[in-house]
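**Student:** Can you make the complete structure from the sequences, with help from the hints?
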Amino acid sequence: MTLEDHPIAGPAPSAPPGDITRPPFAHASEAEMARILDFYAVRWEYEPHVFPILWNLQGSVVESFSPDFYLPDLDVYLEMTTLKQRLVRKKNRKLRRLKELYPSIRIKLFYARDFRALMLKYGKLALVESLSGSLGQVMPERPEEILVVAEEPVAAGSAPDAASPPPPVSTTARASGSRRARRAEARPTR
Amino acid sequence: MKATVDLVEDIGEVLVTENQIQARVAELGAQISADYAGRKLTLVSVLKGSLPFMADLMRVITVPVRIDLMEVSSYGGATTESSGLVRILKDLSASIEGEDVLICEDIIDTGLTLNYLIRYLGGKKPASLRICTLLDKPARRLVEINVDYTGFTIPDQFVVGYGLDYNEHYRNLRFVGVLRPEVYSSAG
Chain A
1 MTLEDHPIAG
11 PAPSAPPGDI
21 TRPPFAHASE
31 AEMARILDFY
41 AVRWEYEPHV
51 FPILWNLQGS
61 VVESFSPDFY
71 LPDLDVYLEM
81 TTLKQRLVRK
91 KNRKLRRLKE
101 LYPSIRIKLF
111 YARDFRALML
121 KYGKLALVES
131 LSGSLGQVMP
141 ERPEEILVVA
151 EEPVAAGSAP
161 DAASPPPPVS
171 TTARASGSRR
181 ARRAEARPTR
Chain B
1 MKATVDLVED
11 IGEVLVTENQ
21 IQARVAELGA
31 QISADYAGRK
41 LTLVSVLKGS
51 LPFMADLMRV
61 ITVPVRIDLM
71 EVSSYGGATT
81 ESSGLVRILK
91 DLSASIEGED
101 VLICEDIIDT
111 GLTLNYLIRY
121 LGGKKPASLR
131 ICTLLDKPAR
141 RLVEINVDYT
151 GFTIPDQFVV
161 GYGLDYNEHY
171 RNLRFVGVLR
181 PEVYSSAG
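Keeping their order, the protein sequence lines are chains A and B. The working numbering numbers the first residue of the first sequence as 1 and each following residue consecutively. The working numbering numbers the first residue of the second sequence as 1 and each following residue consecutively.
Worth flagging that the hints you see were computed from the coordinates, not collected in a lab. Among these hints, one or two may not hold up.
Below are the SDA-like pairs computed for lysine to any residue, each with C-alpha atoms no more than 25 Å apart in a straight line [claimed, not checked]:
hint, chain 1, residue 1, chain 2, residue 2
1, B, Lys48, B, Ser93
2, B, Lys90, B, Ser73
3, A, Lys99, B, Arg140
4, A, Lys121, B, Leu85
5, A, Lys108, A, Ala26
6, A, Lys121, B, Leu69
7, A, Lys121, B, Leu51
8, B, Lys124, B, Val72
9, A, Lys121, B, Glu168
10, A, Lys124, B, Gly12
11, A, Lys108, A, Glu63
12, A, Lys124, B, Asp6
13, A, Lys124, B, Tyr184
14, A, Lys124, B, Glu97
15, A, Lys124, A, Pro23
16, A, Lys108, B, Phe158
17, A, Lys124, B, Ala26
18, A, Lys121, B, Val60
19, A, Lys91, B, Ala139
20, B, Lys125, B, Ser73
21, B, Lys124, A, Lys91
22, B, Lys48, B, Val60
23, B, Lys124, B, Glu97
24, A, Lys121, B, Arg171
25, A, Lys99, B, His169
26, A, Lys91, B, Arg140
27, A, Lys124, B, Val60
28, A, Lys121, B, Gly76
29, A, Lys124, B, Gly49
30, A, Lys121, B, Val65
31, A, Lys90, B, Lys90
32, A, Lys121, B, Lys125
33, A, Lys124, B, Arg171
34, A, Lys121, B, Arg180
35, A, Lys99, B, Ser73
36, B, Lys48, B, Leu15
37, B, Lys48, B, Ala37
38, A, Lys91, B, Asp156
39, B, Lys90, A, Tyr122
40, A, Lys121, B, Val178
Keep in mind it's a predicted model, so treat the numbers as computed, not measured.
**Tutor:** Rendered as structure tokens:
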């Protein structure tokens, strides 16, 4: 057994730069999760990729899914679903579709009960109500997103309504600069 | 949160009995002793929760053992707001470079703390780095971690005892129990 037996999420942790640019989170629970990931020095990207999951007969994307977080050092997506359980059915359906079409991606779904357990663990249970469900929705004015084809598409499975689905696309809030630069801008500095 | 702590009434269910713990610790000790036969081992306890576990484990390991202690701040703790970053509250007292190191944890749930520690200790260039945990709660995992030695895999319940706490209480229970939800449901 050597160190190589434990895939380590990135290099030895170090303090991030003081000036951290935060994206406009859609929900307070997402902002809290970002703080937790920052605390433990886990790099994250906020909604960096959009995965098309449904096409019309003309081949145009009519439905897509963008997981909330991507943890690049762990190669895992994280989707927060802190709404009431009865409201998550639609999201569960989209997630099943995502896994069918992109079987190689790893995604963890974080339900309201998971978030509550996390807050209990960290002694912040009193904040759960204000960070969860409809109360936690901050609905910021978000800049219009553009779509950029990802440089490293995730291997896609066969799609029932397409021979093979197109690669996921990256979202960025700005249209200027090189693709690499734009992707870097979407990643918080830490 | 309840105003008083009752070590009996606050426990809804005993999940792992004292006898089960001691039997499993003995098994882990035998397995670790066999795996590290002919080598020296450094056990690193992550304070405070893993202290009882390491104290029992080290006494059933039959290869030469050196122990060390680490403590890191937890998210939501007193140090969170000031820095926003995990802090090493107590570092190792000796170098582990070239040593075989076994991290002793009380419980692994999200894996965030352990992921940090693996990266931190990995930077100190030990010869090997393995993980031993008394309890594993895989349902809560955010960061996948290869655990080498697991005492018990437990369901997704809030547990206390045998080192594990809620608000710094219940650590001295000799078993692992499920805390009654009413103990923390009105917390805040």
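**Student:** Does each hint fit the structure? Answer for all of them.
**Tutor:** Results for each hint:
1. For a cut-off of 25 Å, the pair hint linking Lys48/B to Ser93/B stands: about 16 Å separates their Cα positions.
2. With a C-alpha separation of about 9 Å, the suggested pairing of Lys90/B with Ser73/B holds against the 25 Å cut-off.
3. Our distance criterion of 25 Å between C-alpha atoms is met by Lys99/A and Arg140/B, whose separation comes to about 20 Å.
4. Restraint check for Lys121/A and Leu85/B: the C-alpha separation of about 17 Å stays at or below 25 Å, so the hint holds.
5. In summary, the hint linking Lys108/A to Ala26/A is supported, as the alpha carbons are separated by about 18 Å, within the 25 Å threshold.
6. Between Lys121/A and Leu69/B the alpha-carbon distance is near 22 Å, which keeps this suggested pair within the 25 Å criterion.
7. Distance hint between Lys121/A and Leu51/B is fulfilled; the C-alpha atoms sit about 19 Å from each other, no more than 25 Å.
8. Only pairs whose Cα atoms come within 25 Å are accepted, and Lys124/B paired with Val72/B is accepted, the gap being roughly 16 Å.
9. Of the supplied pair hints, the one linking Lys121/A and Glu168/B holds, its CA atoms being roughly 12 Å apart against a limit of 25 Å.
10. Between the alpha carbons of Lys124/A and Gly12/B the distance comes to roughly 22 Å, so the proposed pair stays at or under 25 Å and holds.
11. A hinted pair counts as satisfied when its Cα atoms are at most 25 Å apart, and Lys108/A with Glu63/A qualifies at roughly 20 Å.
12. For the hint pairing Lys124/A with Asp6/B, the CA-to-CA distance comes to about 22 Å; that is within 25 Å, so the pair holds.
13. With a C-alpha separation of about 11 Å, the suggested pair Lys124/A and Tyr184/B falls inside the 25 Å cut-off, and the hint holds.
14. Our distance criterion of 25 Å between C-alpha atoms is broken by Lys124/A and Glu97/B, whose separation comes to about 38 Å.
15. At most 25 Å may separate the alpha-carbon atoms for a hinted pair to count; Lys124/A and Pro23/A meet this at roughly 23 Å.
16. As the CA atoms of Lys108/A and Phe158/B are separated by approximately 21 Å, the hinted pair is consistent with the 25 Å bound.
17. Our distance criterion of 25 Å between C-alpha atoms is broken by Lys124/A and Ala26/B, whose separation comes to about 36 Å.
18. Restraint check for Lys121/A and Val60/B: not satisfied, since their Cα atoms lie roughly 31 Å apart, outside the 25 Å limit.
19. Annotation: proposed proximity of Lys91/A to Ala139/B holds, straight-line Cα distance about 20 Å (limit 25 Å).
20. Restraint check for Lys125/B and Ser73/B: the C-alpha separation of about 23 Å stays at or below 25 Å, so the hint holds.
21. Note on Lys124/B and Lys91/A: the hinted pairing is violated, with a Cα-Cα distance of about 43 Å set against a maximum of 25 Å.
22. Using a Cα cut-off of 25 Å, the hinted pair Lys48/B and Val60/B holds, with the two alpha carbons roughly 21 Å apart.
23. Of the supplied pair hints, the one linking Lys124/B and Glu97/B holds, its CA atoms being roughly 6 Å apart against a limit of 25 Å.
24. Of the pairs offered as hints, the one joining Lys121/A and Arg171/B holds, with about 15 Å between alpha carbons and a cut-off of 25 Å not exceeded.
25. With a CA separation close to 42 Å, the supplied pair Lys99/A and His169/B exceeds the 25 Å bound.
26. Between Lys91/A and Arg140/B the alpha-carbon distance is near 20 Å, which keeps this suggested pair within the 25 Å criterion.
27. Proposed proximity of Lys124/A and Val60/B is contradicted: the alpha carbons are some 38 Å apart, above 25 Å.
28. At roughly 9 Å between alpha-carbon atoms, Lys121/A and Gly76/B fall within 25 Å of each other, so this suggested pair holds.
29. Between Lys124/A and Gly49/B the CA atoms are separated by roughly 19 Å; this keeps the pair inside 25 Å, and the hint holds.
30. As the CA atoms of Lys121/A and Val65/B are separated by approximately 32 Å, the hinted pair breaks the 25 Å bound.
31. For the hint linking Lys90/A to Lys90/B, the alpha-carbon distance of about 46 Å lies beyond 25 Å, and the restraint is violated.
32. For the given pair, Lys121/A sits about 31 Å from Lys125/B by alpha-carbon distance, which is inconsistent with the 25 Å threshold.
33. Restraint check for Lys124/A and Arg171/B: satisfied, since their Cα atoms lie roughly 20 Å apart, inside the 25 Å limit.
34. The straight-line distance between the Cα atoms of Lys121/A and Arg180/B is roughly 15 Å, inside the 25 Å bound, and the hint therefore holds.
35. Taking the CA atoms of Lys99/A and Ser73/B, the gap is near 36 Å; set against the 25 Å cutoff, the hint is violated.
36. Taking the CA atoms of Lys48/B and Leu15/B, the gap is about 21 Å. The hint holds against a cut of 25 Å.
37. Restraint check for Lys48/B and Ala37/B: not satisfied, since their Cα atoms lie roughly 28 Å apart, outside the 25 Å limit.
38. Distance hint between Lys91/A and Asp156/B is fulfilled; the C-alpha atoms sit about 23 Å from each other, no more than 25 Å.
39. Proximity of Lys90/B to Tyr122/A is assessed by CA-CA distance (about 20 Å); at most 25 Å being required, the pair is judged to hold.
40. Of the pairs offered as hints, the one joining Lys121/A and Val178/B holds, with about 14 Å between alpha carbons and a cut-off of 25 Å not exceeded.
The structure fails to meet hints 14, 17, 18, 21, 25, 27, 30, 31, 32, 35 and 37 from the earlier list, while all remaining hints are met.
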